[in-house]
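Those sequence lines, one after another, are chains A and B.
Counted from 1, the first sequence has number 234 at position 235 by numbering that gives the first Met the number 0; the numbering is strictly sequential.
Counted from 1, the second sequence has number 419 at position 420 by numbering that gives the first Met the number 0; the numbering is strictly sequential.
In short, the hints are calculated from the structure, not lab data.
Ideal placement from N, C-alpha and C gives every residue a C-beta, glycine not left out.
Worth double-checking, as some hints may not be accurate.
To be verified - With a straight-line Cα cutoff of 20 Å, these simulated EDC-like cross-link-like pairs (lysine to aspartate or glutamate) come out:
1. Lys1(A) / Glu377(B)
2. Lys367(A) / Glu586(B)
3. Lys744(B) / Glu555(B)
4. Lys164(A) / Glu625(B)
5. Lys75(A) / Glu743(B)
6. Lys884(B) / Glu202(A)
7. Lys93(B) / Glu29(B)
8. Lys367(A) / Asp336(B)
9. Lys884(B) / Glu308(A)
10. Lys142(B) / Glu103(B)
11. Lys333(B) / Glu269(B)
12. Lys275(B) / Asp484(B)
13. Lys884(B) / Glu84(A)
14. Lys452(B) / Glu422(B)
15. Lys231(B) / Glu269(B)
16. Lys93(B) / Glu202(A)
17. Lys794(B) / Asp86(A)
18. Lys367(A) / Glu340(B)
19. Lys1(A) / Asp634(B)
20. Lys251(B) / Glu241(B)
21. Lys164(A) / Asp634(B)
22. Lys164(A) / Glu656(B)
23. Lys220(B) / Asp42(B)
24. Lys164(A) / Glu640(B)
25. Lys884(B) / Asp86(A)
26. Lys164(A) / Glu206(B)
27. Lys1(A) / Asp341(B)
28. Lys220(B) / Glu29(B)
29. Lys164(A) / Glu103(B)
30. Lys93(B) / Glu496(B)
31. Lys744(B) / Glu202(A)
32. Lys58(B) / Glu586(B)
33. Lys164(A) / Asp20(A)
34. Lys794(B) / Asp90(A)
As the list claims (entries may be wrong) - Label pairs and their computed distance ranges (CB to CB):
35. Ser862(B) / Leu348(A): 35 to 41 Å
36. Pro250(A) / Glu340(B): 49 to 55 Å
37. Lys794(B) / Ala248(A): 45 to 51 Å
Claimed, not checked - Pulled a few chain B residues facing chain A out of the computed Cβ check, cut under 8 Å:
38. Leu359
39. Ile510
40. Val561
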Amino acid sequence: MKRLINIFWLGTKELRSLQRDTVLVIFVIYAFTFAIYTQATGTSSEVNNASIAFVDEDQSALSKRMYEAFYPPRFKLPVVIKADEADRMIDNGSFMFVVVVPPRFEADVRAGRNPEVQVNIDATAMQQASIGAGYIRNILTDQVWSFIRRTEDKPELPVTVVVRKAYNPNGITSWFTSVVAIINQITTLTMILTGAALIREREHGTIEHMLVMPLSAFEIALAKVWANSLVVLVAATISLFLVVKTILAVPIAGSPVLFLGGVVLYLFFGTALGIFLGTITRSMAQFALLIILIIIVLQLLSGGNTPVESQPWWMQRLTLVLPSRHFVAFSQAIIYRGAGIETVWPQFLAVTGIGLGLFGFSLSLFRKSIAVSR
Amino acid sequence: MSTLTQPVATITGLTHRYGKTRALDNIAIELPSGCMVGLIGPDGVGKSTLMGIIAGAKKIQTGTANVLGGDIADRRHRNAVCPRIAYMPQGLGKNLYFELSVFENIDFFAQLFGLSRSERKTRIAELLKATGLDPFPDRPAGKLSGGMKQKVGLCGALVHDPDLLILDEPTTGVDPLSRQQFWTLVNNIRSGRPGMSVLVSTAYMDEADQFDWLIAMDAGKVLATGTPSELKERTGCGTLEETFVALLPPEKRGEAHRLTIPPRVETNAEPAIVAKNLTRKFGKFVAVNSVNFTIERGEIFGFLGSNGCGKSTTMKMLTGLLPASEGEAWLFGKPVDPNNEDARMRVGYMSQAFSLYGELTVAQNLWIHARLYHLPAESRRPRIDELVERFGLGQYINDLPESIPLGVRQRLSLAVAVIHEPELLILDEPTSGVDPVARDEFWELLINLSREKQVTIFISTHFMNEALRCDRISLMHAGTVLACDTPNALMAARGTESLEEAFIGYIADAIGEPAKPNQAAAEPVVAAEPASEHPVSESWFQVGRMLAYTRREALEIRRDPVRLAFAFVGSLVLMLAFGFGITTDVENIRFAALDLDQTPESRAYVAQFESSRYFIRQPPMESHPEEARRLKANDISLAIEMPTNFGRDVKRDSGPEVSTVVDGANPFRAETIKQYVTNVNQLYVRRNPNHPSSARFPAHSGGIQTRYLYNPTFESVYAIVPSIPPILLVLIPAILMAVSVVREKELGSIVNFFVTPTTRLEFLLGKQIPYIAIGMMNYFLLMLMSIVVFQVPLKGSGLMLTVCALLYVTATTGIGLLVSTFTPSQVAAVFVTAILTILPTTQFSGLLQPVSTLEGRARIVGSLWPTTYYMHASVGAFTKGLGPKLLAGDLVCLALFIPVLTVLTASALKRQES
């Protein structure tokens, strides 16, 4: 009971301190509103404005028809270039795609002689290249086939396949990126807030002051955990409902309460990591350097940016120890796929387990560090 | 050289504000030349500001300061006279570089003042000998005692024979013997250079007695000027300390009674503290060496000693903050146990630094402590009211601790320390920097606690007059207690008049040195040559000075494991994380079929997917609900639904429709899967020549051949890996660069740039060179990893790419320098640099989207950001196999960034502190 009271009052002190730190407060607000909005709307995995050129050696009605089928916003209006320019222009990055229509293409198509259009792709622009190439193939095929059909009255494909995208039928990027952005901000903010609070205390000497009071390291650490978690939780909740659900109009398929419950578990890990980093670093500057490395690794390998399935197999095993990976997995399951606790409990368990382990470890380090601090 | 008739500095109407507070309030004063001028007054009265302005380190807000025959606000004059001024800022070793050795530190200053190699060698040898530092030229400055640090600082200041020496509290926190030696040294130097003027500030009034001329300051105003004897005469006081109090305006003098200490009532209770052979080691360093003492109940026990002598460490061991390496200690008869919370209820502790919450008001601080000490709810308010009343905190109750005077802040700390009515108070230097009046008030509270409440007080101090007030004191030096007794007994034992002399005697005995400075140091230090012969300030760029910065920075970073690790381990880890973590390859797509038809045709269709390298088949599904469930659980990413009668429809050629569901959570992945599905369907159609419809279907009437240039297998590793070094080579060098400059701002060594003849360009380029070198080492490391770990071959011109990398790293460190000009702290430098660089680097430099597809602002930002060109060069050289000719354009663009960034930074860099 005494302990709980101490943890409570120490936590209120954390909140008061944060409230006076205008820069940090503004940073939190920014991170959960504007930053999420810009990240969600700014990037796009769609092909946009792709630069395309045609080498038209046929100069026929069909070839003209083919390049007229490309228009904004997906593609820039195609530029017709000479055959000998093609390599150079793709080398210096002027065009991502160069379509070469061979001479007598239309005539050969009519005669059923199996001519081939060549699509040259700058394969160094991966994301755009792969999707763009697919579009180009489809557009060109459509044009050729509809040209044939018009002239020879041929049927469509004998077997058609209908692809329906579940959860995000139109493939809107912001649905995905907004949630990834919230997840990333939660990771970043909890670590920075907790770690910075700890280092600030040490730099100001207040931590020593607390330790001569009848308080234990556990109480001090847990006060930081609940206070900073609360701040991030409130910010994330507001962000989820206001920015993601209302402004960006992302439908939340599952239960927001379940998601926020998962966030709480993850916050426990985040604050524990903050305490860990705040303990092992000697100054704010070291902390800042270290945190940048850790945040990048935690975010990149979480599966939020590139799916975990695309990592090499050995790395997929390794990343199982990253709670951020489980966090991303259950967030996506709940928010997009409407999964319930019966589906996501393994991830919840993993996050809790790793969080508890890290907290215990940080706590013992924290105790030791206090013992040797001068 | 200045003459005796002309003042060395004339100040008129000088006012300096920090926010709302006036540090200097319309000061007008003339400093006589050729003598030792002392500035006296407690902390925060404007002494340091005044000295900084005279030294040219601080920018003047209003008023004028004429120093060495010219206006110090005038840049040309400042440049001309700065070789004649030496400035040692406040703080032990504030302008030193702690990672550098004694010799390297002094050598750095000598290089800045353009001394030749041989001159430097002889001059430094001379100075080290004179200061008695000659046995340890290779010891890192950070490992020296406070007194030795100050001597190194003095050497650095004297290396170029200044005409005006400005010393800001050079002896605060230094042990009395070192202090005595320091002043002897200064006097020797003055006798060797009689024309030199010295301006010095001090908090010790007894030191000020020996100065030629004094300026007493309070609250930004000059109280009085004159020789020490003149001042004493004017006020009719015996000591300078009393004189100073008498000079204060009446409302500040406090109650005019002298502090009296009633005799202590002896009790028979067990002692409050017993320490037996208490020892504390930090690695090899013995901070406290076998300390013994007993403190009786109700006693005021003083610990006297310099900074770093082990006072705080001993106190921390007694509070349980720090476990003892050896020995034992008892509080109230029980062994000290850090986990014993009841014992902590009986002890109040006030640490050296102000350790309350700056973000909580005075009242909030009191309340939270009342709660954490579990005062009963009903007695909290009366207790707090009582403390507020007795400690005079009433008028500050809702203020933040930062905004209240230092003396009041210390009273607040004391109030907090006694809120739970402890029986023992441990106070670690509670009165440092506090003005004499506030100090007396503080002591009055202590005496009251001791004599009326029988609280035992264990206090450490470096003020002799405070030590005299203690019942007993223990003299501490270098971790050992030299003596322990009543002040009078100690003086009697050494046969000295003052406690200071007694203490000096004990220290001298302990270290085996004569109490008087040795003869070698007593020889006057003669100037090697007149300073004016060194043409130091003439040129705007000197390679020697620039290289002095380069050498120093390189040494510093080589000795800083954290930054080194960040530079190399950081890029290694990030390269692996990026290289393996980012991929646009969509593979290993788990799919399952819901086959409602179960004919050879439907099975053949599904088998088509299995044969693709992108798909992995999972156990088939039985029903629609199962399909929904498995998609939800992320068990599969693709569900294929074969309609009933598929086989029949295929045979009849009536155009059956297969429906598939893709997990759309990740839109990019979903889109790619959708294309794969479409392709598989087309393949199915084409690969079935026996298919009834194929005869009618013109499968070969117009094919599309896709050629993936540069990367025929279309694996993202070939595109991603060469794109990572451009990101890391901006992030890491820029952050390290920004931190290195801001670190100097935070630690205070930037003042060396303000007060030496260094030009902006020398400073910037000098500091930049080591980081360019680190960047290039990183470049080679990353290159090696790309080729060896990720197996991405370099197909194009490696030499050209290396030249591009050199220019790129120069530009990115330049960005770091630019950021450092406007960031106030190292943390801000790290985060601002990271945020500013990551966005344009990842979004607008062609990493995700080729710059050619960007539009509007994004295109402009992309074109103005160096990563765009280096990314192009790196991907070009690695994957596209571009030769020198095609990389030349990037090289030229990268080169253009360098002068632009340098000019921008140089114009933004402040040459003076504001």
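**Message:** Next pair to validate is Lys164(A) with Asp20(A); report whether the Cα-Cα distance is within 20 Å.
**Reply:** violated (45 Å)
**Prompt:** Holds or violated: Lys884(B) with Glu84(A), Cα cutoff 20 Å?
**Reply:** holds (16 Å)
**Asked** Was the hint right that Val561(B) lines chain A, CB cutoff 8 Å?
**Response** holds (5 Å)
**Prompt:** Does the structure keep Lys220(B) and Asp42(B) at a Cα separation of 20 Å or less?
**Reply:** Between Lys220(B) and Asp42(B) the Cα gap is close to 13 Å, so the pair holds against 20 Å.
**Prompt:** Does the structure keep Lys93(B) and Glu29(B) at a Cα separation of 20 Å or less?
**Reply:** violated (28 Å)
**Prompt:** Going by Cβ atoms only, is Leu359(B) closer than 8 Å to chain A?
**Reply:** holds (6 Å)
**Asked** Holds or violated: Lys1(A) with Asp341(B), Cα cutoff 20 Å?
**Response** holds (13 Å)
**Asked** Is Lys1(A) close enough to Asp634(B), meaning Cα to Cα at most 20 Å?
**Response** Roughly 48 Å between the alpha carbons, so the hint for Lys1(A) and Asp634(B) is violated.
**Asked** Do the numbers back the hint for Ile510(B), that is, is its least Cβ distance to chain A under 8 Å?
**Response** Not OK, violated: Ile510(B) not within 8 Å of chain A, min 23 Å.
**Item:** Given pair status - Asp86(A), Lys884(B), alpha carbons within 20 Å
**Value:** holds (14 Å)
**Asked** Under the criterion that the straight-line Cα-Cα distance not exceed 20 Å, is the pair Lys275(B), Asp484(B) satisfied?
**Response** holds (17 Å)
**Satisfaction of hint between Glu656(B) and Lys164(A), Cα-Cα up to 20 Å** = This hinted pair holds, its Cα atoms lying about 16 Å apart.
In summary, the numbered hints that this structure violates are 2, 5, 6, 7, 9, 15, 19, 26, 29, 30, 32, 33, 35, 39.
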